[in-house]
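2 protein chains.
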Amino acid sequence: MTDRLIQTMRPRFLALFIALFLALLGASSALAQTTYEDILSASEHPENWVTYSGQYTSQRFSRLDQITQKNAKNLELKWVRQFDTLNYMETSPIVVDGIMYVTQANNLVHALDAHTGLTFWTYTYPLPRRLTLCCLRQNRGVAILGDRLFMGTLDAHLVALDSKTGTPLWNVEVADRLGGYSITGAPLVVKDMVIIGVSGGEYGIRGFIDAYDAATGERRWRRYTIPGEGEIGNETWEGDSWKTGGAPAWMTGSFDPELNLLYMGTGNPGPDWNGEVREGDNLYSDSLLALDVDTGELKWHFQFTPHDVHDWDACQVPVLVDMEFGGRPRKLVLFGNRNAFYYTLDRVTGEFLVGKPFAKQTWAEGLDEKGRPIRLPNTFPSEQGTVVSPHVQGGANWWSPSYSPQTELFYLMAFDASTKFFVGEAEYGEGELFVGSFPEISAPDDSFVSAVRAIDPRTGDRVWEHQVYARSTSGILSTAGGIVFGGTKQGNFFALDDKTGKELWRRSTGGKIHAAPVTYAVGGKQRVSIASGHAIFTFGLAEK
Amino acid sequence: MTDRLIQTMRPRFLALFIALFLALLGASSALAQTTYEDILSASEHPENWVTYSGQYTSQRFSRLDQITQKNAKNLELKWVRQFDTLNYMETSPIVVDGIMYVTQANNLVHALDAHTGLTFWTYTYPLPRRLTLCCLRQNRGVAILGDRLFMGTLDAHLVALDSKTGTPLWNVEVADRLGGYSITGAPLVVKDMVIIGVSGGEYGIRGFIDAYDAATGERRWRRYTIPGEGEIGNETWEGDSWKTGGAPAWMTGSFDPELNLLYMGTGNPGPDWNGEVREGDNLYSDSLLALDVDTGELKWHFQFTPHDVHDWDACQVPVLVDMEFGGRPRKLVLFGNRNAFYYTLDRVTGEFLVGKPFAKQTWAEGLDEKGRPIRLPNTFPSEQGTVVSPHVQGGANWWSPSYSPQTELFYLMAFDASTKFFVGEAEYGEGELFVGSFPEISAPDDSFVSAVRAIDPRTGDRVWEHQVYARSTSGILSTAGGIVFGGTKQGNFFALDDKTGKELWRRSTGGKIHAAPVTYAVGGKQRVSIASGHAIFTFGLAEK
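Same order as they appear, the protein sequences are chains A and B.
If you want this note's numbering, it's the 1-based position in the first sequence plus 2.
If you want this note's numbering, it's the 1-based position in the second sequence plus 2.
Calculated from the structure, these hints are not laboratory results.
Repeated chains share a single entry, so a pair holds when one copy, or any two copies, can fit it.
Simulated crosslink set (DSS-like; lysine-lysine; CA at most 30 Å straight-line): (1) K422 - K358; (2) K193 - K333; (3) K491 - K527; (4) K245 - K422; (5) K301 - K372; (6) K504 - K362; (7) K358 - K301; (8) K245 - K372; (9) K501 - K75; (10) K527 - K75.
Could you build all of it, start to finish, from the sequences and the hints given here?
Structure, rendered in structure tokens:
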């Protein structure tokens, strides 16, 4: 089916054609179907992008190598798909056999032809009027299993859609939206389950991570991120503060099939910017959790920021890497934390191995031998305001990092900035904002530095950086072609040399890039797509 | 100032730099200034695009020839600028010395760096809440004179802005918005005047064309498009129907400096789709008017559709051409009318020379020797509905046509479609919708044919057509490189061979193209820009 043919076919015929095509192939192949095995072996099938971070390791690395350091300058626009929305897009596309699934703010799902950007179908989730959202009406993407797509919604539901038609199959309430819960992250499919956490760290929720049966929507298990009365860790919360302690789990996790462990970060303790009413470490806020994926049982945890008063969620995607470390092969997890420290942990035990600042920070003298921060005095929010680095948005944030097994480097978007933090009273009311104050950005964004930084996981040292103007909140993608892709708030989408950070190519997309790029192939040709502003852009090599 | 430098400079320094740069050059050159002489000689300075249709002739033809039939396949995206709007854009950019001025729905104006798409300034016109609009909240662009920009507004004002800063300089009420008036078209600057007409054909207005002093905003003259009591033509309106007879003038006109004549089309008589209350020809609705540009005096008129009951406004841009015709050089005006007939008129006298259908029509047997349509029976709206071609949106519409002096062909976007027209009562109320019925689109848009058609002005014959899928409502641009540019509703922007209509290049912009392309040069390189969806796209040749 040539480009020309697709472009000139009437949509109804095109849909029919595709349906027939899928039906014919359905019996003998996995076309437009994604099995658990497909996700397990995602690295070996780089023509698809089957899960939020590309693979269960969340390396967001692709073995595709048609686009190289040498020919990246020949990248050109293949297609754009604009959407009718005033929100900018945070979605990371899923691509299966030439069909791209993207979400839009307010929980729309679009199935697009990855070859042309034309729409096969659009699904609009019926959102209720009243929502309790800390931030924007965003969504970061779907998960896929078989011929089903899964999306978390702003009213804290989880829905399953038929991937061929967009027809809703089931819809379960994950939590009560009026209690302050919402969902913005992309689910993670593991085995026959859909894993999803909740947002609501500014609304006095008690965070949790759930697993649902992909076929029926029935809940398999729930793991609260704050231990209940009598459980170990509950004593790290003053009085009843654990009941409204936040610690959401709003980003997508990673999975190690051999260890059978799910890794997910947790968000800030509540109330935000006021720790006085919740003395203690506030476990397991701002932590990385390792859970038995079949039961949700907690195997280990590592808390990055005990008793956080700066809103430094551990909302990063954990990156799983097997590498030689200290003279022997180890199973590691890499984490570029919002508190401006980079960490390498043993992912079997949670043991702290490496920790070093990767962005400007003025709040800790360093980390102790267990990885616990040694706080500097006078860094807590105060009545007159305390200027601290990193920024309230962090030295990094949910913007996906990447790891290239070719360079053995960890890449992330870093932000050297500061914020003025104030102290204030917080009063809990169900479904009401539960924060102690509002921080004040201490200078315009463009007076700070954003940079892609390459970090050696063995030492935490910076190998290179590529500064970008102005600020960037983009995710990173690395490829076997030796390229690191990223974007900027100003709308530039760029390709860097993965060994040096040197810019190889750049193109303006004219909208804020606040999403992570993905790569895949259609018709045997490598493509790179990224959400920017109100649109999806797809680039590939020029063919002359 | 290299791309790199611009990209990395902080906006405040960049603004300062540009201000200084302009100040330094201001004394000795016309940089970012546009004189009347610049508009008169626009064809000879194709690096700029200084007026809505490129030149006073409205040929929308550029002498730029870097992009050729041979290299058009190497066109690539140079930049995009996305805007925060749910409306799609209808703007046609003005480009002066590397600065692009575009308007957005709801009367925003943006000054962009034509090299990068980055914003220098944005002006937001303070619209009142209540507006009387037939259609969408659109605007089609600004006009420029000196260092002033002029924009008509949805509340029927005309504003002047400082082109360097976006600061408003004056603001005059053209008409009372509560009386049904609005402005969506781009003004035309002639000499030291700003010419603007009004919209409101569905609101029982009495249309007019105004000229304002560019320096002060003072009105120089007004020409009502419907003759008043005692004036010739008033007898073509039954009773008092002339008072609410519509005949707006909502698109931009053309100008012949030698004849000192302004040419502007007029819109439908009101009430729309009901002629029973306004028996007669309803002059000068659906007409082309030739006015003395200094006084607004009517020199001649040509009415395309007497007593229109189908909403076939003569809203096209008149295209002025000097060519050999009938064995002698003649001053002509070419008009691809919404009623599906193409016309060649003598523009000195208004004499009818050629008239032939260019799109599907079922309402007229043909035109008589004076160019008056010979109506077929049973084509008027009826109670049960009458299916007639062209479509209520016309065989063409305001979508700008183009004429290439190289091929001597007239290019327009044609639409072969039909609509079911109903009759109904219309009651006038000030500022209320004044229509007899609402037509019913008889079939989905994609069951009709849209095509770029090339017409020989000497015969009205079709030389070639290029069908596009799906429907298109795009304007046309032709260039000395032998190219005809246009777009589609599906978002494809394309380049055709101007002699054959063969497609040379196409790229998806992912949004509805409902605007006209322009071409210009920055840093000596030819660029082509077009508004699509919620963005401006700029293409140029790949540089390797």
